[in-house]
Amino acid sequence: MANLTLVQAINLALVQEMERDDRIILLGEDVGLNGGVFRVTEGLHKRFGGHRVVDSPLAESGIIGTAIGLAMAGLRPIPEIQFEGFLGPAYDQLCSHAARMRTRTRGAFTVPMTVRVPVGGGIHAPELHSDSPEAIYAHQPGMKVVMPASPYDAKGLLLSAIRDPDPVIFFEPKRIYRAFREEVPEDEYTIPIGKARVVCEGDELTMISWGASVIQCMQAIEKSGRSVELIDLRTIYPFDMEAVAASVSKTGRAVVVHEAPRTCGFGAEIATRIMEECFLSLEAPVQRVTGFDTIMPYYKLELEYLPETERIGLAVEETLAY
Amino acid sequence: MANLTLVQAINLALVQEMERDDRIILLGEDVGLNGGVFRVTEGLHKRFGGHRVVDSPLAESGIIGTAIGLAMAGLRPIPEIQFEGFLGPAYDQLCSHAARMRTRTRGAFTVPMTVRVPVGGGIHAPELHSDSPEAIYAHQPGMKVVMPASPYDAKGLLLSAIRDPDPVIFFEPKRIYRAFREEVPEDEYTIPIGKARVVCEGDELTMISWGASVIQCMQAIEKSGRSVELIDLRTIYPFDMEAVAASVSKTGRAVVVHEAPRTCGFGAEIATRIMEECFLSLEAPVQRVTGFDTIMPYYKLELEYLPETERIGLAVEETLAY
Amino acid sequence: MPIKTAFKTEIEHVSILDEHGQFDAKLAEGLIPDDDLLALYRHMTVCRHLDEVAFKLQRSGRMGTYPQNMGQEATSLAAAYVLEKTDWLVPCYRENAGLFWRGVPMEYVLLHWMGDERGNAIPRELFCTPLAIPIGTQMLHAAGLAWAAKYRGEKQIACTFFGDGATSEGDFHEAMNFAANLDLPVVFLCQNNFWAISVPGKIQCSAPTLAQRGLAYGMHCVQCDGNDLFAVAKVVKEAAARAREQSRPTFIEAVTYRLGDHTTADDARRYRDQAEVDLWKARDPLIRLRGLLKEKKLWNDSKEAELLEFAEREVAGAVQRAEGIEAPATTEVFDHTFATLDPQILKQRETRRTSSLGQQSGRSASHAPAGGSH
Amino acid sequence: MPIKTAFKTEIEHVSILDEHGQFDAKLAEGLIPDDDLLALYRHMTVCRHLDEVAFKLQRSGRMGTYPQNMGQEATSLAAAYVLEKTDWLVPCYRENAGLFWRGVPMEYVLLHWMGDERGNAIPRELFCTPLAIPIGTQMLHAAGLAWAAKYRGEKQIACTFFGDGATSEGDFHEAMNFAANLDLPVVFLCQNNFWAISVPGKIQCSAPTLAQRGLAYGMHCVQCDGNDLFAVAKVVKEAAARAREQSRPTFIEAVTYRLGDHTTADDARRYRDQAEVDLWKARDPLIRLRGLLKEKKLWNDSKEAELLEFAEREVAGAVQRAEGIEAPATTEVFDHTFATLDPQILKQRETRRTSSLGQQSGRSASHAPAGGSH
Ligand SMILES: Cc1ncc(C[n+]2csc(CCOP(=O)(O)OP(=O)(O)O)c2C)c(N)n1
Ligand SMILES: Cc1ncc(C[n+]2csc(CCOP(=O)(O)OP(=O)(O)O)c2C)c(N)n1
Ligand SMILES: [Mg+2]
Ligand SMILES: [Mg+2]
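Listed in order, the protein sequences are those of chains A, B, C and D. By the count of my numbering, the first sequence reaches residue 323 at its end, each step adding exactly one. By the count of my numbering, the second sequence reaches residue 323 at its end, each step adding exactly one. By the count of my numbering, the third sequence reaches residue 375 at its end, each step adding exactly one. By the count of my numbering, the fourth sequence reaches residue 375 at its end, each step adding exactly one.
Rather than coming from a laboratory, the hints here were simulated on the basis of the structure. For clarity, every value in this text was computed on a predicted model and none was experimentally measured. Built from N, CA and C at the ideal position, the CB exists for glycine as well.
DSSO-like, lysine-lysine: derived pairs with alpha carbons at most 30 angstroms apart:
#1 C:203 / D:238
#2 B:47 / D:156
#3 C:5 / D:5
#4 B:196 / D:348
#5 D:5 / C:9
#6 D:9 / C:5
#7 D:238 / D:151
A few chain B residues that face chain A, going by a derived Cβ cut-off under 10 angstroms, partial list only:
#8 129
#9 239
#10 263
#11 267
#12 269
#13 274
#14 292
#15 298
All chains, full assembly: derive it from the sequences and hints.
Right, here's the structure in full:
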C-alpha cells in the first residue's frame, strides 16, 4: 500500500500488468526514454526494453491502426495518444475499425486494445490540450469508454481495461494527474467496467459526474451544506444506469456535471435515461452543468468555461428549490 | 416550378448558386466527369469547367483541409465526402480546424464552407455506407449541421448553407435521394438554418425527426390514426427548440426518431431539452425510437436496425397510453 | 562543394511474360513449375467466371453492389502463390484470386457482397483479414500484424493489397512510414489499375511511377507488370525474403487494369475511352498465360472447354452455398458488439426496442402505465 | 529488356555559408545585399533574445508553455525574406523570425503562448496564418490558400513550415499529394531539427534524407543547410519561382537543430546527449552570420553591444504590450463561435450558465420555482 498520485497509480498498474502478461506492448509518441510527456510511462522503457515500450512515429492514425493489427494478431497493445485533442486523426481507425472488427467478422477477429489518453482542461495548456471528447466515443457502438477520478480507481480500472477483450478508451483526467494522492494497494485488484462509485451518500439530490469534475462536485457539495449523493460514473460506456436510477428514485432530483460542451454531451444521455427510468420520481428537471456550446478557450478564460464549484452550487440550489 | 427528386433539387441549387457566385468551387472524389457516385453534381463539370468542379485525390482529410484553406482565402468551397462513413478521416480537420478557425483567430480567419455528405441507411449498400453521424458534429461547437427531408427543403437549405459565413455539414439522406418528387421552384429561395418545419399538426403527441426517417414517421402517424404533430428538424445544430417546446407544451408527449445509435444520439439532446423546458407539461417520458447501440449491420439486417414504421407506431401508442 | 548530391536512386521495372507472349525463361527460372502453372491458370479462369456470375446476380437483385476483379487476377494470385500459407493476406476487394488460392471459400466473398457479415468470419488459420471497405485503411493493420509476428520472433510476414487511389490516403503514408522506420516485415502491393472509380491515376499520383512512393521511406521499391504472373511472383518472392530475413518492408507497384466497371453501381463509359479498355483487353493476364501454356504444349481447346465447365460448376456451387445459408437471425444485430453484452444492449436485444416504455416487457411491449425503475 | 529502369533521380544538397565560415560568393551572388544582411542579423538576434525572455516569463509563471526557436532562426527568416509580402506564410510554431520579419507584432506570439486568442488575430494584410498546434495539419491549409490564388489567377503563393515529426502525419502526405497532382503553388519547407520532442528523426523517417519525401509525389525536392541563411534563401527563391511561374510545388528539407528544449515543459537532457547539442551550438546560424559580417567589416563588438541593448528594448516593449492588454472579457468565450450566435449560445452568454433553471433570469439566476416554457 502506497500513497500515490494518479500518474503513479497508472504507472504501477502498467508495470504489474506488463510483468504478468508479455502480450502487452506500449506504443506512442515519447512513451519510451522520455516516459511520456506526463511521465506516466516513466521507467518502463528501461525496465521492459524498446521492443515493449515503443516510441512511434508522430502519427495518431498510425498508432491506433497498427495497434489494431497487433491486437488482431492476439497481442494486447496499449497505445497512448498524447492529448485528447490529437485523437482526431485516429477517429477513423477507432470508429471504422477498432469498434467494428468483432461485429464485422462475427468474432473471428477482435481488438483487445486499451487506448490511454490524457483528457480535460484546467492545466493552463495550449489549444487542443484541454478538451473532453468522451461523448464522441460513447456514441460509437463497440467502444468502451472509461475515466477514473482517483488514483485507486485508475489502477483498478486500467487493469480491467487491459484485460477486456474489446477496445477501451481510457481517459486520464490530466487536471488530477498529480493533484492529490491516495492509498493504492500494491496487490492486484480490478474495478469492473460499467460500475459507478457512490462518492458520498445523500437524499436530497443526486449529482452525477466523472473525471476531474468529481473534485469540483465534492467541493460544491461541501459548500452547499445539502445532502447530495455524488455518483462518480467511472465508466462512460457502458454506464451504470442502475446506480443512477437507484439514487434518483430516492432523491427525485439530479444534476449532471461534465467539462464537455452541453449539446450532445454525455449529460444529455444521462438526463434522458433518468427521465425515461425515473419519470414519476422526478421532482425537478435534471440539470446539466457543463462546458458551454463554444470552443474550449485558450487558458486565460478556461476557468470561465469549465463547470466550477460556483456554477455547480447554483444548480444544486435551483434544483432543490424547484 | 418543376417536379424534382432530392438529387435534382440539390443539383439545381448548385447550378444556380454557382452561376451567381464564382467564389464557389466543388471538390471531391468523382464529382467531375462522373457527376458524383449519386449523380448529384451531374453536368456541372461540363457547365462550369474543371477548375470549378474538381476531382480530388482519394483523401478525405485532404479534401476538407484544402477546402479550409480555400475558404480562409475567401472562396466558398463545397467539398463532397462520398459517404458519411468516410467522414472519419476528415474528422480532425473538421473539428480541430474548420469549426475552430473563427474562434481561434477572433474572426480574422473564417471557414465559409459547405460539406455535402450522403447519409443514412436503407439502400442495401456495403459496410460504412449507411451510418448517421450527425450527433458527432452537433457536439462540436462552431459547426452547423443540416439535414433536409424533402427536395423543396434541400434546395432552400443548401442555398442558406452555402451563403452561411461558417462551416456547415449538409447531410443528404440517400434513402430519399430519388424516393419521391416534389414541386421545387426555379426561383431562388432560402430556408433559414435553425428553423424546423411542422410537417403535420396534431395535439396528442409531438414527433420529432429529420432526414429520411421523416418519411417513416409520416407513415407511422397515418397508420396510428392519432393526432400527432410531426416536426422535421431540418437543422440539427442549431436546432429549433422553440418549435419543439411550443409543440410539446401543447401535446405533453413526445417521441424522437432517428437512425443513429441511441446512446448520445441527437435524440438524447432533444429529449433532455424537452425535459428542461417543458417539465411541467410532460405527461409521459420522451421516447426515443432509434438505431440500436450496435454497429449498423450489413444490409441483410439493416431494416431490423433502422427505426421502422412499426417500432415508431408502438412508441406512439405506449406514450399515449402512459 | 556547396552543391552536392544528397541522394541518388533508380527503380526497376520487371516483366517476364509480356503481352506479346515474349517470355524471359531465364528470369522465370525456378519461379513456377509447370504443374502449378496449370493450376494457377485454372484458378484464374474460375475467378473470372465468378465475376460474370456475380455481375448477373447483382443485376437480378440477388446480390448488392459487387466489384469485378476482371483483368487483375494475376496480381493477388501470384502473391498468394509465392507466400507461405501462414503469411497474412490483408486485402482490399479486388483480390478474389489470391484469397481463394489461400483457401477462403468462394461463398465467403459472395456473402460479403450479399450484405452478410458471415462472409467476413474467415477462419483464423487462413491468415486472411476480411475485405476492407474504407479505402487505404487496412495497410496499417497489416503493419500491426507483421509487427506482432516480429515481436513474437516468428518468421511470419504480412502482404497487403490496395489500389492506386488508396495511396492518396494519409493512412497509406502512415503505414509505409511505420513499416519502414520500425522495420516491419510487410509487403505493400499496390495494384495500379489507373482508375479510382472515375478519377484517373494522375490525380492520385502525378509522379512518373507509383513505385517511387516507396522512396519517401527509404523503402525498397519496384515496379512490375501486374498482369504478368511471373513478374509479380518474382518481385513478391524477393520482397517476402527481404521481409522474412531482414524484417524490411517493400513497396511494389503492379501495373494492371480493371477491365470491368468499378463496381456494378458504376458505368465506366461515362469517364473512360473504349480504346483504352481494348488496349488492356489485349494485355489480359489470362490470354498471355494461356498462350504460354499452349506454347508449352500444356494446353488445348478441349482442356479449355473442360475448364469452363469446371468453372461453372465451381461457381454455381459457391452461389448455391451462399444463397442456401439460413437468413441471419435478428439477434445477430446485437450479439457481436462486445464479447459480453452490456445490460443496455441485452435489453435492446430482448425487446427489439429503444424506447424506454417499449423496453419494459419483452418483444410485444404492453402499454405499461408506470415509468422506470421506481 | 525484361528488367529496365522505370525511374532515376538525384537530390541536391545546397550550402553557401557553412559552419566553418566557408562562403561560396558565387552561389550567393545577388541573393542578399549587405544592408539586408545586417538587418537580418539584427532581426535574428532580437528573436534569440525573445526566446530567453520568454523562457523566464514561463518559469516565473507569467506565460504558459513556450517552444523556443533557438538555433532555427535562419530557416523561416530566409524564407520570409525572399518571398513577396503577399505570399502566404503558414507556420507551425518555430517560425518567430519569419513571422516577425513579415510584420507580425511580437506581442501576438507572446499572447498566443499566454493563453490568449487575440494573439492569433493576425491582420489579414500580413498574409500569415496563426501558429498551428495540431502537428502536420496546416500544410493542407497552405495548399488551399495557394489553390485559391491560382483559381483567381493571382501570382500569390504559399509557403508552409513544419518539422521532421510532422512529416509522419497522414495530412502531410495528403497536402503534398494535392499540391503535386493539382499543380498548386506551394513551398513545403520542412525544418528537420532531428527531434520531435524526445523521438529521434530516424523514427520519423529512416530514409537517407528527409528531402526524398518529395519524390513520392514527383515533386521537385532539395536539401539545404537550414542554419545557412544564404542556402535557404536560394532554395526558397527557386521554389517560389517554380510556384509562381509554373504553379508547381517544391519540397525543401532544411537541416537545422533546436538548441533548447522542445518546449518549456520539456527537459531534453532526458533523451539527448550534450555532445550533440554542443556540436550544433557550433553550427549556430547567428555565429556564422556574425563571422561573415565581421569578415566583410560590417560588424564589430560595439555594434553587437548596441544591438543587444536594442534587442532588450524591443523585447521588453513587446512583453509590456502583451502583458498590458486588458484581460479578455468572459463574453469572449462565446462571441466568436459563429458570425451570428444562435439563441442557445446567446442564452449561455447572457446567463453564464448551462443548467436550464439557471438560464431563466440572467447572470444571478433566481431560484425560479417553475420549469421551462409552459
Ligand atoms: C475512405 C474511403 N473513401 C471513399 C471510398 C469510396 N470508394 C470506394 S472504391 C473507391 C476507389 C478506389 O480506388 P483504388 O484504390 O484505385 O482501387 P480500385 O477500385 O481501383 O481497385 C472509392 C473512392 C471508400 N470506400 N473509402
Ligand atoms: C497531432 C499532434 N500530435 C501530437 C502533438 C504533440 N506534439 C507537439 S510538438 C510535437 C513534436 C513535433 O515535432 P516536429 O514536427 O519535428 O517539430 P519540432 O517541435 O521539432 O519543431 C508533438 C508530438 C501535437 N501537437 N499534435
Ligand atoms: Mg485503382
Ligand atoms: Mg523536429
